[in-house]
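There are 2 protein chains.
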Amino acid sequence: MKTIHSTLALLAIALASFSTTRAQDPLPSWNEGAAKSSIIAFVATVAAEGSPDFVPPAQRIATFDNDGTLWCEQPMYFQLLFAIHRVGVLAPQHPEWKDKEPFASLLRGDVKAALAGGEKALMEIVAVTHSGMTTEEFDKTVKDWVATAEHPLTKRPLLEMVYQPMIELLGYLRAHGFKTFIVSGGGIEFMRPWTEQVYGIPPEQVVGSSGKLKWEMVDGKPTLMKLPAIDFIDDKQGKPVGIQKHIGRRPIAAFGNSDGDLQMLQWTAAGPGTRFCLYVHHTDAEREFAYDRNSHIGQLDKGLDEAAAKGWTVVDMKNDWKTIFPPPR
Amino acid sequence: MKTIHSTLALLAIALASFSTTRAQDPLPSWNEGAAKSSIIAFVATVAAEGSPDFVPPAQRIATFDNDGTLWCEQPMYFQLLFAIHRVGVLAPQHPEWKDKEPFASLLRGDVKAALAGGEKALMEIVAVTHSGMTTEEFDKTVKDWVATAEHPLTKRPLLEMVYQPMIELLGYLRAHGFKTFIVSGGGIEFMRPWTEQVYGIPPEQVVGSSGKLKWEMVDGKPTLMKLPAIDFIDDKQGKPVGIQKHIGRRPIAAFGNSDGDLQMLQWTAAGPGTRFCLYVHHTDAEREFAYDRNSHIGQLDKGLDEAAAKGWTVVDMKNDWKTIFPPPR
Numbered sequence: 367m368k369t370i371h372s373t374l375a376l377l378a379i380a381l382a383s384f385s386t387t388r389a390q391d392p393l394p395s396w397n398e399g400a401a402k403s404s405i406i407a408f409v410a411t412v413a414a415e416g417s418p419d420f421v422p423p424a425q426r427i428a429t430f431d432n433d434g435t436l437w438c439e440q441p442m443y444f445q446l447l448f449a450i451h452r453v454g455v456l457a458p459q460h461p462e463w464k465d466k467e468p469f470a471s472l473l474r475g476d477v478k479a480a481l482a483g484g485e486k487a488l489m490e491i492v493a494v495t496h497s498g499m500t501t502e503e504f505d506k507t508v509k510d511w512v513a514t515a516e517h518p519l520t521k522r523p524l525l526e527m528v529y530q531p532m533i534e535l536l537g538y539l540r541a542h543g544f545k546t547f548i549v550s551g552g553g554i555e556f557m558r559p560w561t562e563q564v565y566g567i568p569p570e571q572v573v574g575s576s577g578k579l580k581w582e583m584v585d586g587k588p589t590l591m592k593l594p595a596i597d598f599i600d601d602k603q604g605k606p607v608g609i610q611k612h613i614g615r616r617p618i619a620a621f622g623n624s625d626g627d628l629q630m631l632q633w634t635a636a637g638p639g640t641r642f643c644l645y646v647h648h649t650d651a652e653r654e655f656a657y658d659r660n661s662h663i664g665q666l667d668k669g670l671d672e673a674a675a676k677g678w679t680v681v682d683m684k685n686d687w688k689t690i691f692p693p694p695r
Numbered sequence: 367m368k369t370i371h372s373t374l375a376l377l378a379i380a381l382a383s384f385s386t387t388r389a390q391d392p393l394p395s396w397n398e399g400a401a402k403s404s405i406i407a408f409v410a411t412v413a414a415e416g417s418p419d420f421v422p423p424a425q426r427i428a429t430f431d432n433d434g435t436l437w438c439e440q441p442m443y444f445q446l447l448f449a450i451h452r453v454g455v456l457a458p459q460h461p462e463w464k465d466k467e468p469f470a471s472l473l474r475g476d477v478k479a480a481l482a483g484g485e486k487a488l489m490e491i492v493a494v495t496h497s498g499m500t501t502e503e504f505d506k507t508v509k510d511w512v513a514t515a516e517h518p519l520t521k522r523p524l525l526e527m528v529y530q531p532m533i534e535l536l537g538y539l540r541a542h543g544f545k546t547f548i549v550s551g552g553g554i555e556f557m558r559p560w561t562e563q564v565y566g567i568p569p570e571q572v573v574g575s576s577g578k579l580k581w582e583m584v585d586g587k588p589t590l591m592k593l594p595a596i597d598f599i600d601d602k603q604g605k606p607v608g609i610q611k612h613i614g615r616r617p618i619a620a621f622g623n624s625d626g627d628l629q630m631l632q633w634t635a636a637g638p639g640t641r642f643c644l645y646v647h648h649t650d651a652e653r654e655f656a657y658d659r660n661s662h663i664g665q666l667d668k669g670l671d672e673a674a675a676k677g678w679t680v681v682d683m684k685n686d687w688k689t690i691f692p693p694p695r
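Note that the protein sequences, when read in sequence, are chains V and L.
My numbering applies: residue 367 is where the first sequence begins, and numbers increase by one.
My numbering applies: residue 367 is where the second sequence begins, and numbers increase by one.
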């Protein structure tokens, strides 16, 4: 990987002088600084005809983690909020849950106690809320839920808990011929119902964790049933695997916020030519949340070290972003 | 599914009068007739602004089988030719193969005897030729092979054994805002190295069967190793599953040639609004091959019955196609 900081400093400075004019600024929610300049310099390097590091549009693949990179992941993953909600909705059909963990704790509102059962408890919650229905039924359930779901602390609609600077970045890359993908540890079927509306990313450009599916003819009508079995975990080492399975070529730019994204960034950086890797560092306890090396959600420890060693861009949310969330609709 | 034959006959006739002018004909290798008219009428129905059955471009997903639908599959799947070639290349490193089936028969040139071992024999051949290397090494191996591989009977380059009318159809659909995907029982990593060049279909729009992958750091360099284990079989019931996993929405048009494509066509047809399903029927023993209900490659039996019952388009290759293959380069 060539470090664009060194080879393109001049170009970055030249371009930064353009982008100071607010009206022309493609990234208005980004403060001027090293992070913003590095993005603009990278795009100029790969997308400008005649550039020695020009990359044809078809190869301009950019992959984005979702939780903590495109939208908020605190105080818990939003998909877990969905699962908890579903347990409540389904509880009347399951009187036995009152005496059975992890459901009993969940129904008492004690998420922490419910999750004390670790991965086994989590898988039980996922199984009852994410399987046993068709893909179309699940799609509708998610759409109905996100239409009204609110963040537990800010009380804002969940779909407004997305990072405005990253929305601008997605659009900026697409305007320069990039194809933008989500590559998330979250459930692929949980994200697809709303990513097009919120991020401009269509279902076929969403990569995520998934359960097994089963084709069934029901009364002469073909259906795909969601089974209570994990098919693929798109996290850590799974991210480059998911990229290869779904996209079939290596990204030239990758964006994450945690150690779960490290292998995706390493895989991206290890390709030939100019590459761009960026970590979103959650440093703003006032406007969002501040967490990194010791967080049990979105831990960023090894990734911070590797970013420093490799010269990757690290976004300091507090100082690099003018605004965090979009204005209320 | 609305039958476009009945509701759009007039429109089809109107459009057909346009397409008789060769210079304006988007499908010049198709003879005038019911098959060609049905395609043009379908596209007019879903792509024309103001049409009551208008489909927004983002939802214009079209899926194509590969073997026997986009390129020839006789006298054996071309991927099997590749595997046999690789066994020959690798044989010097495996002296034990001289006495071990299915390799002994393959090395004597007796493919039939080698495959007498059924699925187990086939899997052994696939394992030694499609795993034990990185995804990048495999990509290069396939590219090198297809660059010079010839059809065993016609002696034409394999990449010219594609169906010219289907190449035109892919372009015609894309010109009308469709996103074209391959959904094949063939190996995803075997197709991706050449589908963009030959069909204009990029790697991320190829769905196929796949083996498991493993992330490994080798001397500080990240690699994805191809393991000798099947991950997913994208055939029959697997095709709608593969479509859901990769694309995440239901196609509005699907194209196949065998019973292995039947579930994909059923899944496509069962969605709301106007749908289009097409079978390529191999009826031309002179210019290509003639086979259907009793073929062990590309068997088309249940599919023919269902196409007749549902009013799907069936292409009679002998009568519907002016030419089968593109002119030699």
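Keep in mind that the hints were calculated from the coordinates and are not lab data.
Possibly wrong hints are sitting among the right ones.
When chains are identical, the list treats them as one kind, so a pair holds in a single copy or across two.
Distance condition first, Cα-Cα at most 20 angstroms in a straight line; then the derived EDC-like pairs of lysine to aspartate or glutamate [said to hold, decoys possible]:
1. K602 <-> E582
2. K676 <-> D585
3. K580 <-> D671
4. K684 <-> E490
5. K684 <-> D667
6. K684 <-> E582
7. K478 <-> D391
Results for each hint:
1. K602 <-> E582: Cα proximity of K602 and E582: across copies only (12 angstroms, versus 33 angstroms in one copy).
2. K676 <-> D585: between (57 angstroms within a copy, 16 angstroms between copies)
3. K580 <-> D671: neither (43 angstroms within a copy, 24 angstroms between copies)
4. K684 <-> E490: Classified as neither: same-chain Cα gap 37 angstroms, cross-chain 56 angstroms, threshold 20 angstroms.
5. K684 <-> D667: within (18 angstroms within a copy, 64 angstroms between copies)
6. K684 <-> E582: Answer is neither: 50 angstroms inside a copy and 35 angstroms across each miss the 20 angstroms cutoff.
7. K478 <-> D391: neither (44 angstroms within a copy, 66 angstroms between copies)
Checked against the numbered hints above, the structure breaks hints 3, 4, 6 and 7 and satisfies the rest.
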